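Full structure from sequences and hints, please.
What follows is the residue order along each chain.
Protein chains: 2
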Amino acid sequence: MINGKIANLIERLYAGDQIAAAKLITLVESSDQKEDVIQAISNRTGNAYVVGITGSPGVGKSTLTDKLVKKLRSLNYKIGIIAVDPTSPFSGGAILGDRIRLQKHSTDDGVFIRSMASRGHLGGISTATSDGVKVLDAFGCDYIFIETVGVGQSEIEIIKNVDTTILILIPGMGDEIQAIKAGIMEIADVFVVNKADKDGVGRTVLEIEMLQNLNDISKYRASIQKVIARDNIGIDELVKKIKDHESHLKNNDLFHKNRKKRLEMELKQSIHDKLLKKTARIFEENYELASLIDDLYNSKKDIYSAANSIISQIVK
Amino acid sequence: MINGKIANLIERLYAGDQIAAAKLITLVESSDQKEDVIQAISNRTGNAYVVGITGSPGVGKSTLTDKLVKKLRSLNYKIGIIAVDPTSPFSGGAILGDRIRLQKHSTDDGVFIRSMASRGHLGGISTATSDGVKVLDAFGCDYIFIETVGVGQSEIEIIKNVDTTILILIPGMGDEIQAIKAGIMEIADVFVVNKADKDGVGRTVLEIEMLQNLNDISKYRASIQKVIARDNIGIDELVKKIKDHESHLKNNDLFHKNRKKRLEMELKQSIHDKLLKKTARIFEENYELASLIDDLYNSKKDIYSAANSIISQIVK
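Quick note, the sequences are listed as chains U and P, same order. Heads up, the first sequence is in the numbering used here, so the first residue is 137 and it goes up one at a time. Heads up, the second sequence is in the numbering used here, so the first residue is 137 and it goes up one at a time.
Treat the hints as calculated values from the structure; they're not laboratory data. Fair warning: this is a prediction, and the values are worked out from it, not measured in the lab. Any given hint might turn out to be false.
One copy or two, either will do: identical chains are not told apart, so a pair holds if it fits within one copy or between any two.
In silico DSS-like cross-links for lysine-lysine, where the CA-CA straight-line distance does not exceed 25 Å [claimed, not checked]:
(1) LYS379 <-> LYS397
(2) LYS206 <-> LYS413
(3) LYS170 <-> LYS207
(4) LYS414 <-> LYS452
(5) LYS414 <-> LYS437
(6) LYS362 <-> LYS206
(7) LYS296 <-> LYS437
(8) LYS404 <-> LYS214
(9) LYS410 <-> LYS452
(10) LYS376 <-> LYS452
(11) LYS452 <-> LYS404
(12) LYS410 <-> LYS206
Take a look at the structure:
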């Protein structure tokens with residue numbers, strides 16, 4: 137059950153209080169009250185449209201997010217942003233700059249910005265971001281952006297939880313397109329070629345198209361938008377392409393199918409996490425563990441019999 | 137319970153029949169009878185010394201394994217080899233050549249060779265290799281080599297299951313040493329610098345030593361052996377270094393500690409796999425799943441309540 141403090145925070149969340157939103161995200165990120173919060177707000181979720189923005193460092197993710205936010209604010213949409221930072225100390229400087237660029241929206245009540253480190257969450261970063269999205273959804277955001285730095289496995293897990301994925305590339309990334317092809321090219325719904333005033337923009341577009349031609353033609357073909365984010369060029373067209381993808385999903389019965397598939401994945405992940413915790417607790421509480429391992433070591437028992445006997449303690 | 141066919145195979149295994157060994161490995165790799173086999177042979181395991189051999193493609197893993205086997209056969213040891221192949225189609229040719237190099241031992245009753253593809257196993261490749269090791273152990277092998285191509289996450293998982301890990305490098309791999317440092321350098325017990333007649337061998341040794349100096353000094357310092365595997369140079373010394381590491385483990389109370397730690401990991405992995413299978417079965421059998429997801433989608437239920445109610449069906 138939720139306590140009075142959480143009930144009060146949720147009331148303030150629904151009233152549009154940014155500080156309450158921030159505190160609730162902290163609770164779902166890293167406290168035992170995570171489940172209580174999600175349970176309490178779940179009947180206010182499912183309304184926000186979630187957009188993932190990803191790409192290698194230096195392609196201009198936060199400049200683009202900044203310009204997208206400006207445009208969507210001018211249309212009176214309420215915006216949430218979750219920016220996932222790698223835990224690596226090496227990219228600290230760049231990320232700091234990015235965050236400062238975005239923070240100028242922070243005096244605007246219609247924009248909520250949150251950074252999350254990619255490590256140190258109960259149940260992992262992809263659970264933390266999808267719980268964070270639920271808080272911002274209940275907060276009344278129309279669009280929620282999840283910005284990830286890099287294109288590793290955990291970023292792909294995060295991006296699986298969005299409605300539309302934007303992958304940003306820049307001219308002269310030919311090799312990189314090849315390299316990231318395997319993991320992320322197939323989950324992009326909109327390709328953005330940023331810094332489109334640079335040499336090689338045509339070639340980058342061509343390379344994306346060539347990769348698309350290699351793919352299953354029955355699949356949705358991602359659109360490609362050239363932008364110069366710094367100069368606000370191509371942003372209106374990009375917003376239109378995001379909306380086009382949303383229409384495509386909704387007109388083809390895919391919007392609710394995708395969301396249900398994601399809910400099933402989330403459910404399985406949550407069950408998985410809970411079972412592992414339960415097992416870890418059994419191991420900790422079981423004072424016989426050392427002697428069990430001794431039996432295994434001395435070949436008095438085998439792994440599978442031991443596993444079955446422990447499972448019989450856990451499972452019905 | 138084991139059936140007559142398996143009982144017969146195990147009897148032949150103990151009598152030294154290579155065909156029975158091969159059939160039993162196939163059973164533990166990919167059949168429902170895996171647990172029965174492991175249970176039946178477990179009281180005959182724990183005697184073999186297990187050596188992992190790893191390194192990037194082209195460093196000469198199978199040439200080195202070939203020469204090590206020749207040397208150990210001359211000392212009358214019985215040898216088992218499990219060669220893990222990536223499933224990738226790209227490296228097919230190289231692997232074929234490697235395997236042919238090793239197959240010349242296959243007329244020798246004292247050498248058993250088995251290839252395993254890295255995908256397509258019940259419970260993953262690291263479970264498959266450790267079950268394969270158990271069969272070869274019960275077969276009476278004194279030394280079992282696990283050779284892995286590449287140094288990815290699944291190779292590291294495999295290598296965690298051995299007593300001594302050999303990491304092979306060749307001169308001119310400076311950048312690569314930096315790159316693989318994070319994952320695998322710290323689990324090497326013996327570094328082999330192969331092709332030691334090439335330029336840059338001294339530098340490679342120096343780079344290994346520099347990396348070692350960055351590490352915790354309380355840790356066992358891996359030895360370094362220069363070899364020219366092709367010409368059989370340095371092989372006697374390498375066998376001595378493997379035995380030195382074995383002595384180090386045994387004299388410092390680490391041998392049984394490490395094995396017990398591995399058994400605990402194996403046990404946890406096995407419990408984990410079984411719980412996941414159980415969950416998947418509950419999902420399949422539960423005709424309510426679609427309506428449950430509908431409830432999630434329509435915000436009538438939240439993920440965590442749904443997860444808890446499914447877990448209550450599984451867990452005591």
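With identical chains, the pair LYS410 and LYS206 could be close in the same copy or across copies; at 25 Å between alpha carbons, which is it: within, between, both, or neither?
Neither: 40 Å inside a copy, 50 Å across copies.
Checking LYS362 and LYS206: alpha-carbon separation at most 25 Å within a copy, between copies, both or neither?
Only inside one copy: LYS362 and LYS206 sit 18 Å apart there, 62 Å across copies, limit 25 Å.
Have a look at LYS404 and LYS214 and pick one of within, between, both or neither, based on CA distance no larger than 25 Å.
Answer is neither; intra-copy 31 Å and inter-copy 46 Å both fail.
Within, between, both or neither: how does the pair LYS414, LYS437 come out at a Cα-Cα threshold of 25 Å?
both (23 Å within a copy, 23 Å between copies)
How would you classify LYS452 and LYS404 at a CA-CA limit of 25 Å: within, between, both, or neither?
Intra 19 Å, inter 19 Å, cutoff 25 Å: intra and inter.
When Cα atoms must be at most 25 Å apart, do LYS379 and LYS397 count as within-copy, between-copy, both, or neither?
Answer is within: at 21 Å inside a copy they meet the 25 Å cutoff, but 54 Å across does not.
Given identical chains, is LYS206 near LYS413, meaning Cα to Cα at most 25 Å, within a copy, between copies, both, or neither?
neither (43 Å within a copy, 48 Å between copies)
With identical chains, the pair LYS414 and LYS452 could be close in the same copy or across copies; at 25 Å between alpha carbons, which is it: within, between, both, or neither?
Close inside one copy (13 Å) and across copies (10 Å); limit 25 Å.
Is it within, between, both, or neither for LYS410 and LYS452, if the alpha carbons may be no more than 25 Å apart?
Both: 15 Å inside a chain and 13 Å across chains, each within 25 Å.
Check LYS170 against LYS207 for me: Cα-Cα at most 25 Å, and say if that holds within a copy, between copies, both or neither.
Answer is neither; intra-copy 33 Å and inter-copy 60 Å both fail.
Tell me, please, which holds for LYS376 and LYS452 at an alpha-carbon limit of 25 Å: within, between, both or neither?
neither (52 Å within a copy, 52 Å between copies)
With identical chains, the pair LYS296 and LYS437 could be close in the same copy or across copies; at 25 Å between alpha carbons, which is it: within, between, both, or neither?
between (42 Å within a copy, 21 Å between copies)
Checked against the numbered hints listed earlier, the structure breaks hints 2, 3, 8, 10 and 12; every other hint is satisfied.
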